[in-house]
Every structure is written in C-alpha cells, then in structure tokens.
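Chemist: Listed below are the residues making up each chain.
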Amino acid sequence: MTRIDDKFAALRKEGKKAFVSYVMAGDPDYDTSLELVRGLPAAGVDIIELGLPFTDPMADGPAIQLAGQRALAAGMTLERTLDMARAFRETDDTTPIVLMGYYNPIYSRGVDQFLADAKAAGIDGLIIVDLPPEEDDELCIPAQQAGLNFIRLATPTTDDKRLPKVLENTSGFVYYVSITGITGAAAAQANVVAPEVARIKSKTDLPIIVGFGVRTPETAKDIAGIADGTVVGSAIVSELASGKSVDEVLAFVKSLADGAHSA
Amino acid sequence: MANDLFNSFMTGPDEKGRFGQFGGRFVSETLMPLILELEEQYENAKTDHSFWDEMHDLWTHYVGRPSPLYFAERLTDHLGGAKIYLKRDELNHTGAHKINNVLGQIILARRMGKSRIIAETGAGQHGVATATVCAKFGLKCVVYMGAHDVERQAPNVFRMRLLGAEVVPVTSGRGTLKDAMNDALRDWVTNVRDTFYCIGTVAGPHPYPAMVRDFQSIIGKEAKEQMMAAEGRLPDTIIAAIGGGSNAMGLFYPFLDDTSVNIIGVEAGGKGVNAKMEHCASLTGGRPGVLHGNRTYLLQDEDGQIQEGFSISAGLDYPGIGPEHAWLHDIGRAQYVSITDKEALEAFQLSCSTEGIIPALEPSHALAHVMKIAPELPKDHIICMNMCGRGDKDIFTVARHLGFDMSGPEGRSVE
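If you read the protein sequences in the order shown, they are chains A and B.
Quick note: the first sequence, position 140, residue 140 per this note's numbering, numbers continuous.
Quick note: the second sequence, position 235, residue 235 per this note's numbering, numbers continuous.
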C-alpha cells in the first residue's frame, strides 16, 4: 500500500471524489514553489502532482512549457525537485506526491539511483509521459519493484484492443487524458468523457482520474462527477504566472477543490 | 560464422525498434496507436511491388534519379592523393536528398488516408521538399520552423509559402530545430486522426529511423552500382555529413556488410568540440539519452536537460543523431569525426573553385574531412562522398562569413 492507495481508500469511505493538482517544481523559484506546495493540502488537494522541469516537454501546452523554463532558469534540477519533496514531507506525511515529467532527467541520473532517491524523498508515484507500455522495462517495472506506483495515461486513442496493455502494469490510479492534445488545450466535456471512463472502468478496479482541459470549478465538478476525480494543472500554473500571490493561487485551488468535492 | 545472416549489420532494428540499446518508441500514449499503425502499414508497403513501382516512377520522372556519381578530377589533383567521387544528390529536384524520403512518406500517408501533412525543418530543405510533394498531391501542408531559422533561411520560407505550405514560426524553447520538432509533435498529438507527421531524418520513434533510412538508401544502392560500373570495385572509403544523419544513413546502409569499406560520418564541430558546447557533435561531445521518441546520443547537461547545438549550418543544428548511427558508433562499424565551421567554409570555397559545384554547408563538412584525409592516401584509394545538397540557400550565410555585403549590385568587402 502506498500513500496513494491509502488516500483513495479514505476518499471512498467518505464518498468523496479526488481532487489532484499539478504544480511545476521550482516555478517561479524554489521557495515560492515550496510555499505553494505546502499550502495545497489545506486548500483541499488530495494528491499533488509535482512537475519535474524538462527542456523539451513535448506533451505540454504553453502554460506548462513556460513554467518549466522559469523553473530551469531559476536553477531547478531533479535533485532540487527531490529536495522539495523531502521538505514537504517534514510537515506532511500523508498527502501523496506523484512526480510527473519526462524520462531523460531520470535516465540521465540512472534508474536505480533515481528510484532509491525518489522513494527516500517521499515520492509515491510516477507519471512519465514519454514511456508507453512498449517501454515498460525501462522504468515502469523497476519502479513497481521499488514500491512506487507507475501511473499510466490512457487517451481517446487507446482503443479496446490496446487498453489491456495500458492497464497491465498500471498501479495507483489511471490518468485518463480527456482530449487528444497537449495540456491546457481544449476544454474537457463530461458527456464525451463519461462513456470513455465507463469503458476503462469495466476493465480495471483502479480509480480513474480525468485530466487535460479542466480549468474551472464547474468543469472540475462535472468531470469529477463522471470519474473518481479530476486533475487541474495549467490553470493553476497560469494563475501563478499572472503575478498572483501564493495565497491568491491557493484560494483559486480551493475553489477548484470545492468544485470537485461537491460532485 | 556459420551463417552470414547472424553477422550482418543490416538486420536492425529489432521488433522493439532498437539498434542495440538505441532507438525505441518513447512517445506519449496518444501517439502510440498511430505509431503502431504506421509500422504495420510500412511493413506492408515494403513488400508491395506497387508501392516501390510508384516510388521509382517518381524518383525517375519527378526527382531526376539516379543522381550521377561524378569523378571530381580537379579536386583529386588538387589534393594529390585518393581518387574522389561525389554522389550528386544535390542535383535532385528541390536541391537535396530530402525529397527521396518525403516521397516515400507521402505515398504512405495517402495509403493511410491522411489528408494533412506536418513536418519540422531546420535549414528549410526538408520543409521545401515536403511542401513540394504536398503541392504535387494536393495535400494540406504545415511546416514547423524555429523562429530563429525562419529569420536566417528567408528564401526557403518564401519557397514553402509559394508551394502552398503554411509555415509556423516556433517561438517555444529557443526557437530552433529541436523546438520545431517539439511543436510538430504537439500538433500531431492534437490532430492525430487526420494528420501524418513526415519526419525529415533518421530519428524519432520507431519505425521512423528505419523507414527514412530505407527510403534514403537509394543513394547507397545507386552509388554501389555506379562505382562498380566506373571502377569495377567498391570504394575504399565512404563519407557523409551528419545532423540527424539521413543522407549519411542512405549512403552507408547498403555498404554496412562490405567490411572492406571504411565508413566515416562527419558531425558539425561549430567553433570546436569543447566544454562550451558551441557545436552539434552529438557522438563526439554528447552521451546517451532519450528525446523525440528515441534513445540516442544527445547534447545534454549533467541533469539530463537538453542543450542547444551550434553550427554555421542550420541543417546540422540538432542536439541529437539518428539511433542507428549511435549504434554504428558504439560497435565501431563506422567512424565519426567533427569538422569546424571554419574548415567547412574552406571546403565550400574549394568545391566552387575546383569543380564548379556550389555545395550546401552540410556536405561542405564532409568535404572538409575529405580534404584532411585524401592527401595522405594512395592514388588508388577511392573515396565516395555524398554531395547531399546544393548551396544556393547558403550563399547569404557564406557571404557574411567571408565579409561580403550582398545588398549592393557588385557586392563589396566589409569589415
């Protein structure tokens, strides 16, 4: 059992949907970012997705691209990202942290070294966008062996034939990408997503969280209502980029969390 | 040694798209089903005579293949050593080898029922080739090009627009070829159902490296036959320039199992391969990593963040290299060297003055290495170099480096 499994068990008991929020580690700088991350649980965030900055984020839209560039410019690295998780764990030992990013910084460090360090830092799961099931030997299987969840993305192009392969080595939860596209693009529509979630649900007992294209408390409610929870990323990152204070951003996060939890 | 098949260098990639540890399919789940469909379609096309008949017809009547194998007599005399042949792929329609591959991919896209073609381009040669073939077949074409390259390659931008393509200047990241590829991938993931991504080099997720190599290997096949006709034997050394590595892979591949043939790839050394990273020599100055769908040698920092390359040649300005080259490098079947901007400029001028051929800056790198080794080699040593593109697109860059102001009617020397 990881913190992710515990969290979903607790939510189920309360009859609540999960609200997951994404922030880029180190955006706009380490201290501000840590302050934001530390405030997320009190704002109603059930699971934190911590973005690992990368120079070439091929699946991300402009908001998260720019956040990554700001973080890198401020000196963020994989090591500093793990530092941030460690610092967060000093005051919170229950909120799950999922590291989300691309493979190369991890590969560059060495998979075994990375997994040991990530586990020790209090990371619970990984979402690595450029590692499909075809490359499971690289990180997915070693990660599960090291006790970390490897959360897979399922997408509108994942057909029935392919779905079992996508679900096979997934753990923690399934992240359903609501649109074909990049983060922060088109708006997710609950009536389009619902049958897809149902299709995946019929093949797995894992919770299904829907992300990409969720920006408002209303959408968060609608989408959480047809799944086990929802993720917001670009909208939060954009609030921070627009010059708002950490408290103002956390107030926005709370409105989203309230939306999702009212579903 | 019982069976030559087991010792062949030509059997890659394996079913996972790997050449040794390199290659693979490092893409997001949204693209994965399409990559698998493309692989299946390509495997079918490979053994389908009607596919290759169409290719050969277009190569012959539209591109102008076979390109000549030309004995560069004055260049040979000037260097005073090895006998130098040039494979004249700069004579192709659109002025470079890029169209060999574009034709194959567009025919495949048509077979797959895709109506919209996207491409990335650095110097603009692949973009021009893609825009050209799309115009010929009446397909919608969108070309992603780094904003920085749009500025330095204005004539090619205008060519693409004349040919009906939409050119999208890419401002994400630092606005170079690598960022253009990122944005092309973002477009593809968004428009995956009607769009075909026409990749310009032997990189990207499997099956692209193998597919592009197969389409480009017409260069090496012709060169082999032409060399047999001209000299009655294989060349001793074959040489080509490498950015991503498609012209080089095209020349090298048919010779991989001819172990008497030395194979040399020439990377862009920029201002010199050193810690300042002012070069694009991924093999000489990089280490293995994962980017743009494949594992290969990359220019990257300690943290695995990708670094920008630097080269006088926009076509070589890419921080990676095709995975098959990475493998050939590691097993030692091919040798990889680097040439600086300054050396490439000297070679550019030598080709103009001794052979009346204005080369692109990319093959000028290969020629610069020929200039280094040919004088030391015996006169019966045969070198075959791929002259993969013509230099019309580069005259502005070269003029600036040589101190000529092109704004006046005569040109004048500037300080």
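Incorrect hints may appear among the rest.
Label pairs and their calculated CB-CB ranges [as the list claims (entries may be wrong)]: (1) B:Arg-116 / A:Asp-137: 28 to 38 Å; (2) A:Asp-137 / B:Glu-37: 42 to 52 Å; (3) A:Asp-112 / B:Glu-37: 55 to 65 Å; (4) A:Ala-146 / B:Asp-257: 40 to 50 Å; (5) B:Met-112 / A:Thr-94: 18 to 28 Å; (6) B:Lys-271 / A:Arg-89: 39 to 49 Å; (7) A:Asp-137 / B:Asp-48: 31 to 41 Å; (8) B:Glu-37 / A:Ala-146: 31 to 41 Å; (9) A:Arg-86 / B:Asp-257: 51 to 61 Å; (10) B:Leu-234 / A:Asn-169: 46 to 56 Å; (11) B:Arg-116 / A:Lys-13: 33 to 43 Å; (12) A:Gly-243 / B:Gly-64: 55 to 65 Å.
List of simulated lysine to aspartate or glutamate pairs, DMTMM-like, C-alpha gap at most 25 Å [unchecked claim]: (13) A:Lys-203 / B:Glu-37; (14) B:Lys-136 / B:Glu-166; (15) A:Lys-161 / B:Asp-303.
If you are wondering where the hints come from, they were derived from the structure by calculation, not from laboratory data.
Yeah, the Cβ is synthetic: ideal placement off N, Cα and C, and Gly gets one too.
Chemist: Hints first: check each against the structure and report whether it holds.
Modeler: For each hint, the structure was consulted:
| no. | hint | result |
| --- | --- | --- |
| 1 | B:Arg-116 / A:Asp-137: 28 to 38 Å | holds, 34 Å |
| 2 | A:Asp-137 / B:Glu-37: 42 to 52 Å | violated, 23 Å |
| 3 | A:Asp-112 / B:Glu-37: 55 to 65 Å | violated, 35 Å |
| 4 | A:Ala-146 / B:Asp-257: 40 to 50 Å | holds, 42 Å |
| 5 | B:Met-112 / A:Thr-94: 18 to 28 Å | violated, 49 Å |
| 6 | B:Lys-271 / A:Arg-89: 39 to 49 Å | holds, 46 Å |
| 7 | A:Asp-137 / B:Asp-48: 31 to 41 Å | holds, 33 Å |
| 8 | B:Glu-37 / A:Ala-146: 31 to 41 Å | holds, 34 Å |
| 9 | A:Arg-86 / B:Asp-257: 51 to 61 Å | holds, 53 Å |
| 10 | B:Leu-234 / A:Asn-169: 46 to 56 Å | holds, 48 Å |
| 11 | B:Arg-116 / A:Lys-13: 33 to 43 Å | violated, 49 Å |
| 12 | A:Gly-243 / B:Gly-64: 55 to 65 Å | holds, 58 Å |
| 13 | A:Lys-203 / B:Glu-37 | holds, 23 Å |
| 14 | B:Lys-136 / B:Glu-166 | holds, 15 Å |
| 15 | A:Lys-161 / B:Asp-303 | violated, 38 Å |
Hints 2, 3, 5, 11 and 15 from the list above are not met by this structure, while the remaining hints are.
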